[in-house]
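Given the coordinates of chain A, work out where chain B should sit on it, guided by the hints.
Residue-level listing of the chains:
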Amino acid sequence: MLGKINQKLSAALVFLLLLTLSVSNLYPFFYMFFNSVKHRTDYLVNPFRVAGLELTWDNYRTMISQFRILDLFRNSFVISFFTILLLLGLGILASYAFAKLRFRGKEVIYLLIISTMFIPVQATIIPLYVFFSRLGLVNTSWSVIFIYVGLFIPEVILLMTSGFRGIPDELIEAAKLDGAGYFEVIRYVIIPMGRPAIILCVIFYFIVTWNDLFTPMILLQSMDKRTVMVALAALLSRYSGDPTFQFAGLVLASIPAILVYAFFQRYIVKGISLGATK
Amino acid sequence: MTTQRITARRRFKLSEGILSILPVLVLLAFMRFYPMLAAIYRSFTNWDGLYRSDWIGLANYVQIFVNSPFFKLLRNSLVLLTTVPLQVMIGLLVAVLLYEEVRGWRFFRTIIYLPQIISAVTIGYLFRVAFSLDGPVNLSLRRIGLDLLAGEWLGNTGTALFVLVFCLTWFSIGWQAIVILGGMAKISPEVFEAARMDGASYWQRTFYVVIPMISRTLEYAVIMSMVWTLTSVFAFIYSITAGGPGYETTTIDFMIYRKFYQAGAPYGSASAFAVILLAIILIFTVVEMRVANKASEWE
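The listed protein sequences correspond, in order, to chains A and B.
So the first sequence is residues 1016 to 1293, counted in the numbering used here.
So the second sequence is residues 34 to 332, counted in the numbering used here.
So that you can see chain A by itself, here it is in the shape it has in the complex:
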């Protein structure tokens, strides 16, 4: 009897705890959204008030027409797209080799590549900045894309190699007996069979590159090349700015990553719990 009451009580406590955490995770974003559709004066009077106010989409209109946030979206998309494309191209070839081919020094090279994960980007950014400025590539998407690929390729290889190891050798051998060459094996066996790891990389690195600030902030200083996060960070650092307007920008900039998360959540959760990405 007492045990049952105890059990019910602890179940209720557990539920309450998770509920509290959920509210603390959701409320800030809720706060950001409902204040972004308020008039500035209403916000200044009482930022908590939700009901009974006149709503306005003016902040969003200004974000699009004056701040030209959609142009910034395009800059961010270009960088994310080519980063992912290169990560996949290089990552699939290398991971196939690490997972399925035999060659001398494989283990050492693998560890060497993985260990570069621990070199922080801040430690290398100044030589890279000078390097790209000598090549005339500062203020171009390419400088950011190449730095990103260098930064993220070890994790991609870690993830894909472990995914590709699960592909049965017999399939590859059978394909080879049928006359498949190197690229055909990759095209018809590795890519279809290793799809979960590949999809995970696409999703995960879209979110990471979309949200990143440091690298594009250093490399992209001209106004028309900046990514959406760089432009917003500059806008936010003006203390005198209008919070409701700034919230509107942040809401818009959050949408692509949230959409990706909403559609591909199970891949992300699976990938994170594989313990390969952060």
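Worth flagging that the hints you see were computed from the coordinates, not collected in a lab.
Incorrect hints may appear among the rest.
[As the list claims (entries may be wrong)] Chain B residues, not near chain A, derived (Cβ > 10 Å throughout): (1) G82; (2) W88; (3) V224; (4) G279.
[To be verified] A short, non-exhaustive set of chain B residues, derived as facing chain A with CB atoms under 7 Å: (5) P56; (6) V59; (7) P68; (8) I144; (9) S152; (10) Y158; (11) Y300; (12) I313.
We put the beta carbon where it would ideally sit given N, CA and C, even for glycine.
Structure of chain B alone, referenced to chain A:
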């Protein structure tokens, strides 16, 4: 004849493997190894990024240790590291709850990971607004009569660091929970059921069943979040305190950024900070490798 063909084939295989990873190696040589070596070399010079680059020995390092806020930066990095045990403990708590599949656990799992999807720029700004002078936190405190606690959170060293630790912990709970949940998926359900049948309470199950069985996952979680805290919190600091007031919330990695924009382009000195940061990470990594053996076992 046959042997010859086999050797030829093996040689082809060897080059196939090397050729597959060659592009990655070339890229890493330019994007990671070269700039790292360049930073180490330039840290012994008075480099300004252009033509000035005279060898000045250990002068940059002496300057850093004698005449810079270095120990303040180190203190800040260490204070921020206190987020790691906090994250892991709360993450573990949440993971155990999710593992037991309480009602609505899928929903909780979705929500708990949500902050990881949002840019640090956004999260940082929300925290800055929340803890600003007339922000929601102070407003709430005043409303419930705790005027004493309401203050300039981001203007004082202690409270500003507290806000940063709070933000990083809040941001990372979801990651920790999902990683730990992944580790727990490897525990056989029978073990768990048996403990429950024997009447082990929630805390007993957590401490005597879960923790010992996921020690490797916990190691991984601790190490990754330590390295992450030392290297990847730039955007949070930038958008919450911008490293201020003064150098009160500047960490070593944030200092490199500040040096980059400082008048006179002290890139040599910035490189010395980069080397010190690398050394600190290296120490952590070596200790970690000792503990966790090899990266290849993490898959």
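Results for each hint:
1. G82: Violated, since 5 Å does not exceed 10 Å.
2. W88: It holds; W88/B is separated from chain A by about 17 Å at its closest Cβ, greater than 10 Å.
3. V224: holds (19 Å)
4. G279: holds (17 Å)
5. P56: With Cβ-Cβ at 5 Å, under 7 Å, it holds.
6. V59: violated (10 Å)
7. P68: At 4 Å from the nearest chain A Cβ, P68/B passes the 7 Å test, so the hint holds.
8. I144: holds (4 Å)
9. S152: holds (4 Å)
10. Y158: holds (5 Å)
11. Y300: Holds, because the Cβ-Cβ distance from Y300/B to chain A comes to roughly 5 Å (cut-off 7 Å).
12. I313: Violated: closest Cβ of chain A sits about 10 Å from I313/B, beyond 7 Å.
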